[in-house]
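> The lines below spell out each chain.
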Amino acid sequence: MLDALKDVVRKSSIHVCLINTGGCNGCDIEVVALLSPRYDLEQYGIYVHNNPREADVILVTGPVTEQWKKNLQRIYAKAPEPKVVVAIGNCPLTGDVFNQEGCSVYAPVSDFIPVDAEIPGCPPRPSEILAAILAVGPDAIAAKGRKKP
Amino acid sequence: MILPIGPIHPALKEPVRLKLKTEGERVISAEIDYGYVHRGIERVMEGKTWQKGIFLSERVCGICSYIHTQTFAETFEKIAGERVPLRAQYLRSLTNELDRIQSHFIANSTYFKAIEHETLFMYMLHLREPVMDAIELLTGNRVNMGWNVVGGVRMDAEEKHLNSIHQIITNLEAEYDKYVEMFDEGPLVGLRSKDVGKMSREDAIKGRAVGPIGRASGLKHDVRENHHTYQDEFDWKVIWRKEGDNYARTMNRFDEITESIKIIKQIIENIPPGDVRKKINIPAGYADWRNEAPRGEVTYMAETNGNLIKKISIRTPSIMNIDVCGKYMLQDVATVADAVATYASVDPCVACTERVVILNEKGEKQVFDGLHKVKYLK
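Here the protein sequences come in this chain order: A and B. All residue numbers for the first sequence refer to the working numbering, where the first residue is 1 and numbers rise by one. All residue numbers for the second sequence refer to the working numbering, where the first residue is 1 and numbers rise by one.
Errors might be hidden in some of the hints.
When the alpha-carbon atoms are kept at most 35 Å apart in a straight line, the in silico DSBU-like pairs for lysine-lysine are as follows [what the hints assert, rightly or not]:
id, chain 1, residue 1, chain 2, residue 2
1, B, K52, A, K70
2, B, K265, B, K310
3, B, K265, B, K278
4, A, K70, B, K279
5, A, K70, B, K265
6, A, K69, B, K52
7, A, K144, A, K70
If the Cβ cut is set under 10 Å, some of the chain A residues that face chain B in the computed set are [to be verified]:
id, residue
8, G22
9, C24
10, S36
11, Q73
12, I75
13, F98
14, G102
15, S104
16, P120
No lab work stands behind these hints, which were simulated from the structure alone. Glycine included, each C-beta is placed from N, C-alpha and C at the ideal position.
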């Protein structure tokens, strides 16, 4: 009974935190474009407010740079359970063009924190990001919440 | 009291740390720390061929990604001593102005979000989407376009697509003034913006402010004045204001959008037929080239041996603009909320700024950030 009630609550109010771990900003502005009236993220009950302490979904854009190696894990630990990590763009998956000889990036991001969904693209379209958040977000959060720690 | 904001914070879109020295609600001075998104892009470029370098230059910044490829291409065209065909120059200017419009819309929307005017924030994003459609029609992608090559542009624009872009721009122009008036005439928006975060002309010169931030403080400086295409082909003027506050910076961007619309109409009406790309042989040599990005002046200095990039240095406008923000604008601001709004009004693009690593005496890597060791406390 309590689990069913929690499921409903968790599915209908998703708070998103966007972490740029060294990307070029391209994926970030596509997330900002999601807020526009054309895509309207908030009609699905998703609210972007960039506060890791309240986040259900953490969006990671960018390869992991020197400064983020420790800080990314710290921020991940601050987000309350249950939480889902979505990696946006090629950078968190492979490092994209930056991951070459002489670079200072430490991709992929899954070396540092567990990743639940991946969206390739440089950058992916807003509709793809929205589809990925909706595909993985509500159910995965609810399923993680039912598991006893 | 020192109030730290960031690097991940509801008020900020990018990782940067503001340290505000406050007395009660009043902000006395500020310090800005960055270094969170250094990726080593210039180091990666060295030793690569210039055909590969242009894709890396595109990813210096995601918002103004177009101007970086144009400047990179024009630097190498200067080494070869050639100019691209006139139709390619027109198409480059067209994409540049479309990119400027969308960048200014997102800058102003961020500012309106910072002053908690959600309605205008939504309107700005609503106006931006058709412009993104126009960019996609022309180049095939929304953000990182891959549209420029050394020697021209990758593909020709079709007549029907140019007509669609003209239609989109005409529609934008028709409803655009309504939203500018909302900001210009709205009493509460004015109160939140006027006389907040003031920077005088002398301070702008001392801090080397560029782009709309410098122009809003009375520095009439626009690199497009020196660009051969803009000089010879189009009829336009530099937008500048004298007030130097948040209101002036935002209005300066609004007026530049009007000017960009004017340039785009001229381009589509007068675009000449012909080739869009020609083969250019790059000799060994060095050149530098400056262009006007949406945020100000971007400089590329490149040295090549004809095939590989030997040395490249990229100077982006945001580093100076964030610098003057910490030094001059965030001195003695009335409230913390105003300080955040002032920071948003300089249109900071942190991804642009960080490309240099210095080694300290022990040989440890350290990200260079112009302000890290310098404190601007009184």
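> Compare the structure with the hints numbered earlier in the document and write down the numbers of the violated ones, lowest to highest.
2, 4, 5, 11 and 16
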